Amino acid sequence: MGKLAALIETKLQSALAPITLEVIDDSASHAGHVGNPGGDRESHFHVNIVSEAFTGQSRVSRQRMVNKALAEELKGPIHALSMTTRAPDEA
Amino acid sequence: MSDSPVSERIKEYVTRDDVVLFMKGTPIFPQCGFSSVVAQVLQHIGKDFESYNVLEDPELREGIKEYSDWPTIPQLYVRGEFVGGCDIVREMFESGELQQLIAGTE
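Going down the list, the protein sequences come from chains A and B. Residue numbering for the first sequence follows our numbering, beginning at 148 and increasing consecutively. Residue numbering for the second sequence follows our numbering, beginning at 1311 and increasing consecutively.
Worth double-checking, as some hints may not be accurate.
Stated by the list, open to error - Examples of chain B residues lying across from chain A (beta carbon under 7 Å, computed):
hint, residue
1, 1338
2, 1340
3, 1397
Claimed, not checked - Below, simulated DSS-like cross-link-like pairs (lysine-lysine); rule was C-alpha separation at most 27 Å, straight line:
hint, chain 1, residue 1, chain 2, residue 2
4, A, 215, B, 1334
5, B, 1375, A, 215
6, B, 1357, A, 222
Everything labelled a hint here was simulated from the structure, so no lab data went into it. Quick caveat, the model's predicted, so the values are computed rather than measured. C-beta atoms are modelled at their ideal positions from N, C-alpha and C, and glycine is treated no differently.
All chains should be modelled from the sequences, with the hints used to inform the complete structure.
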């Protein structure tokens, strides 16, 4: 796992105490894209998260929680982040 | 949220039309995969929507992020309310919620 992926994992672990957390580095499939010209930079990610913190929360507030935890990285190195957010009873 | 002119302009955009998409590029020439997905979903649903290309308007591109407190593009609004970005639109489309919301039967 790359340095940025590891950092994303650490930050989400501490912010959301997830039951399941999967960080997928999708950067290679975006080679040539403006945010990742050579395809060798960590830039595009997908995260799958199951957390008790999402119970009773709307989709928008769940994503806001994730965005908040990664606010610093979203300003810089993360070019694109997609996510699947589930509460334990939806998993 | 500030009272800058751009937020006034955004407010006008999202209330003037029922379904409003802020995207990179246009529905015919999307310039980002995420924007493309949302435009395709809306076209598939078949209800008229208005779209604004943030790449042609740096002030709008920054302003919309602040307006919705949402860090990314695309952003979908239905009847003045922020709905979400690509993941949310896709999930709501797959579950049928988006069609209901847009049809106003929710």
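Now for the hints, and whether the structure bears them out:
This hint is violated: residue 1338(B) has a C-beta 20 Å from the nearest C-beta of chain A, more than the 7 Å allowed. At its closest, the beta carbon of residue 1340(B) sits 13 Å from a beta carbon of chain A; the interface hint therefore is violated under the 7 Å criterion. Checking residue 1397(B) against chain A by beta carbon gives a least distance of about 5 Å; that is within 7 Å, so the hint holds. The suggested pairing of residue 215(A) with residue 1334(B) holds, with an alpha-carbon distance near 23 Å, which does not exceed 27 Å.
Note on residue 1375(B) and residue 215(A): the hinted pairing holds, with a Cα-Cα distance of about 13 Å set against a maximum of 27 Å. Using a Cα cut-off of 27 Å, the hinted pair residue 1357(B) and residue 222(A) is violated, with the two alpha carbons roughly 34 Å apart.
The structure fails hints 1, 2 and 6 (numbered hints given earlier, in ascending order).
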